[in-house]
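> Chains as they are written, first to last, in this note's numbering: chain A, 461 to 1463; chain B, 81 to 268.
Accuracy of the hints is not assured; some may be wrong.
Claimed, not checked - Heads up, simulated DMTMM-like pairs for lysine to aspartate or glutamate below, C-alpha to C-alpha not over 20 Å straight-line:
{"no.": "1", "chain 1": "B", "residue 1": "Lys256", "chain 2": "A", "residue 2": "Glu1170"}
{"no.": "2", "chain 1": "A", "residue 1": "Lys1347", "chain 2": "A", "residue 2": "Glu1170"}
{"no.": "3", "chain 1": "A", "residue 1": "Lys841", "chain 2": "A", "residue 2": "Glu801"}
{"no.": "4", "chain 1": "A", "residue 1": "Lys735", "chain 2": "B", "residue 2": "Asp208"}
{"no.": "5", "chain 1": "A", "residue 1": "Lys1296", "chain 2": "B", "residue 2": "Glu94"}
{"no.": "6", "chain 1": "A", "residue 1": "Lys1447", "chain 2": "A", "residue 2": "Asp1351"}
{"no.": "7", "chain 1": "B", "residue 1": "Lys256", "chain 2": "A", "residue 2": "Asp726"}
These are calculated hints, taken from the structure and not from any lab test.
Here the structure is a predicted model, which means the values were calculated and not measured.
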Amino acid sequence: MSTRLQTGGRLIDRNARRGFTFNGRRLEGVAGDTLASALLANDQMLVGRSFKYHRPRGFVAAGAEEPNGLVNLGTGGRFEPNQRATTTELFDGLACASQNHWPSLDFDIGAVNGPLARFLPAGFYYKTFIQPRPFWKHVYEPFIRQSAGLGQVPAERDADRYEHFYAFVDVLVIGGGIAGLQAALAAGRAGARVLLIEQTAHWGGRAPVDGVTIDGHPAEAWIARALKALEGMENVTLRTRCMGAGVYDHGYALGYERVADHSPGDTRPRHRLWKIRAARIITATGAIERPLSFAGNDIPGVMLASAVRDYVANWAVSPGDRTVVVTNNDDAYRTALMLREAGLVVPAIIDARPTASGPLVRAAREAGIRVETGRGIARVKGAKRVTGVALCAQAGEGAVLEEIPCDAVAMSGGWSPVVHLWSHCGGKLTWDAGQAHFRPDPERAPTSHDGAPFVIAAGSANGYLLAGEALADGDAAGKSAVRSLGMAAKGGAVPKAEAEAEGPMTPVWMMPQGAGAELRMKMWLDYQNDVKVSDVQLAAREGYESVEHTKRYTTLGMATDQGKLSNINGLAVLSQSLGADIPQVGTTTFRPPYTPISFGAIAGEARGDTFQPLRRTPMHRWHEENGADWEPVGQWRRPYCYPRDGESREDAVGREVKNTRQNLGLLDASTLGKILVKGPDAGRFLDMLYTNMMSNLKPGKCRYGLMCNENGFLMDDGVVARIDEETFLCHTTSGGAEHIHAHMEDWLQCEWWDWRVYTANLTEQFAQIAVVGPHARDLLEKLGGMDVGAGALPFMAWSEGEIAGVRARVYRISFSGELSYEIAVPASQGLALWEKLVSAGEEFGLMPYGTEALHVMRAEKGFIMIGDETDGTVIPQDLGLHWAISKKKDDYIGKRAQQRAHMVDPERWQLVGLETLGGGVLPEGAYALAPDQNANGQRNTQGRVTSTYYSPTLERGIALGLVRRGPERMGEIIEFATLDGTTMSAKIVDPVFYDKDGEKQNV
Amino acid sequence: MSEPVSALDGAACEGFARVAEQGPRGMITLRGDLASVAVKNAATGVAGVDFPGQRECHVVGERGLAWMSPDELMVMLPHAEVPAAVATMTGALSGEHSLVADVSDARALFRIEGPGAREVLAKLAPVDLSPAAFAPGMIRRTRLAQVPAAFWMAGAETFELVCFRSVAQYVFDLLKGAAAPGGEVGYF
């Protein structure tokens, strides 16, 4: 059983007890524990069930590479699934639960998959559930979905906050082991701006665990001195709990800082995502030990040899009283020696190599530990925990020579450098046959905008597994980084790190090497996704030669750990099955993030009130206080209508329309785009931008204009007012202001750079209020300040002056068909004027109206709306707007496109009015039916509804639509499809339903 | 005229930096040839500060000149002086291709003050805010989370920031969140 040792534990404080719960059971750990070490200290070796077969699983690692130890962590607003217990720092009150089992961790009904495992090989789902086809959607998928998945989905809103932080540095060092510390020292001493980040809460990496000495002292002493030196440098920043998540183009990197995971609710943001721009990035990310593939290597109690050392040295946790070590290298002997020193039993070291003779091997033999060379593990005995191992000859087929009872197995298949961050942005790898791993190829580093390499791997991440060479490599990396930036690296002796020398390792990809099918089916490669040696071999037999295809077919390396333990072993098995060399088969692609990062960190501030910018007009608060029912228009919020007590939206809209037509309405039109265009060439410029002529507009006058893109399609419309000889004010749609301004600048800067025109987007400078209805003039005259009479201010004119004491520009334009003034005042005066209008308008029956009343009234008048009548495929000619297309001009943007054959085709769908026979309202977007079906068996169509409303004025449904040869077919009755399968009949009519002669607006 | 009302009516909050919306500030967009003597004189004449070079911003109290682009300046002055200043500048530039427009009300102005002010902005804008890279006399037009913004320093620990008026509440909420106690980064 696993337990806490009486002494030791460099990271824990035994006196500071920390209570926590696991599956509701109250347990106790100590400060400095990870959740994993605390669970093991409580003999909780079984911590979860595997994804596919629901096999019992325990911790296999002690760090970020852990595939099994995932838990549902936290409660309520701090609940999060799939949290890695090995990288979760224990805190008082932590609550967690194991995943992927039902009804309980100990008894899981899903484990019935286990005996059936032989029937669930790679590709099983693809092969089995393909027929009959409808069964996938209705039978198989719902069933499989229910049994799949790891943790639970959070039910509550996240209680925490998250943030981003932008940092700019010369050198970013990722990894705070001895190589990273030395790299940071070398770069920092040269005066470079350095950021050193370390994913765990502790500096120094593995060196203190592995008994390294530096300059004759234990590694810990040197680490403390290095930290002190770095902290003393103003140009160096140190962050623990900050993982290098990804490396991207041009020195961009993401750091994932877990600020408050270990202290939830302490007012700090939970995570901070560092967005780092670095001239050089040093990846000192260490190495990860590989498992060995023997039958039963997934039974709780089988761990990486280095993880066993970590648990003993860092947290004083023993995985068992009796631990068998199995290895193909010298490094694992350190585990045996450490266990022995801690007073635990190591019944045997099983070494797959024919001979072993390094200093560590000698030390083990001298300590009296039994060393069996040329041997392997035939199978591990036990179910929910290890009870023993069966030995065999590594060279054989697995005939059992001996059984050794034990509680734990410490395995080592060699080490793989963590090359992920090196590889993210294109760094290439080279196969190191001596150490049987891929290491960064410095000749093929990721390059930056200037073609220079910008990532430098250092230490064991660069393949230098021994402490001495790792530290020297860190020093070289730091110096090379600053030199490449034109800084002088300062000299000084490189500290000398020493550890016991190691003899050569021998690659072992399967144990024993001649294992039969029965054993291979129990050799786990990918623990989390349940991929075994037999699955990869099957994939190879079925023709999967590419490692990327094999990965997707078998799901090797596709779990939340992204194959940190399994990838190299898996591709070695694949290459053997294919009879190819490992470097020929290659690796799968390393993609960010290095380990999963939270969605909260990615979203940062973009949640809740600041999820998206919400644009408010100067009168926003008044609308809010007066019960506005909101509608989003781009990022603006506009009142859709202002329902009064108990009124439905429909009733409110009807009331607002009628009141505006009969009395007086008030509209907040501030969102309309307003772009000032000025210069000697302004008229010429607008003549090119609009389809109609603008250069001959007289100062003081307004003209409606259409703007097309270069493909001829209508993109925006609005009223242009000429301010003076050189100046125009262009109104755009509410959603169009920014992109029309950009469109103007694009043409001015890139095409007509010699035209003398300046633009300025003044949209937000003005609050704009439409005063609309038969009493509009009465109200303005009552408030006084300027002449708004028909003589001084006729239809389609504007003038400047004061209204109610506010500096104003008044446009006599109408989008409703009524007598209408649009009053623009500085935004800081908008609310004041609005309130004056509201109170003075009372005697005229004034009511504010919203966007829906605006829509209904414009549709009654047959006015088009960009985005309703247009959709990016409609040209002005389709909408009967020939009158707004100048025939005198040589050119305008879109003119040539509008002459193409398809654009002048008389068969095009064109704008008409539609009147339902029964007075009902046509559904939005409904299609007009044509006889017969097309080649795909779909009903032919001959038009569609673009706008449809109940008209309170006419007391019937009205619609605008695009119909094939529509204007030629006045009076014809056509059928429209509805969603319930029935049809509605409508008559093709003129699009202007109300006041065709415009008498009401022109009084 | 009624008293001009700024977007948030002077809303303020205290975090590890103080964030406060400022009252109305006069701002005039001037577009023209920045090498032209007439343009320089028109700008410095009403602002009363030195003409700025590329990415520079000279501010003294409410008056200032900011370089906005190779052919655009922002002139700052007290809000009440804007109509007269626009008239003066327009008159002075009558013979010159240029554009002068009052944009005072199109914007909201914030102050971020305190030792943590740099960190507040560094959470929201992709700008190197280290003292070595950004100091008084400079301006950055950039983005603040999802909206355009520009800022400069009005003192060693004081930033002034402008955004569009319609997103003033969004920007206030952003700054408030970024300055919330507990969010100190300790980087600068």
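> Next, verify each hint and record whether it holds.
So, going through the hints one by one against the coordinates:
At roughly 44 Å between alpha-carbon atoms, B/Lys256 and A/Glu1170 are farther apart than 20 Å, so this suggested pair is violated. Annotation: proposed proximity of A/Lys1347 to A/Glu1170 holds, straight-line Cα distance about 17 Å (limit 20 Å). In summary, the hint linking A/Lys841 to A/Glu801 is not supported, as the alpha carbons are separated by about 26 Å, beyond the 20 Å threshold. The hinted pair formed by A/Lys735 and B/Asp208 meets the criterion: a straight-line CA distance of about 11 Å does not exceed 20 Å.
Taken as a hint, the A/Lys1296 and B/Glu94 pair is broken in the structure, with Cα atoms around 35 Å apart against an allowance of 20 Å. Taking the CA atoms of A/Lys1447 and A/Asp1351, the gap is about 38 Å. The hint is violated against a cut of 20 Å. Restraint check for B/Lys256 and A/Asp726: satisfied, since their Cα atoms lie roughly 18 Å apart, inside the 20 Å limit.
Of the numbered hints stated above, those contradicted by the structure are hints 1, 3, 5, 6, listed in ascending order.
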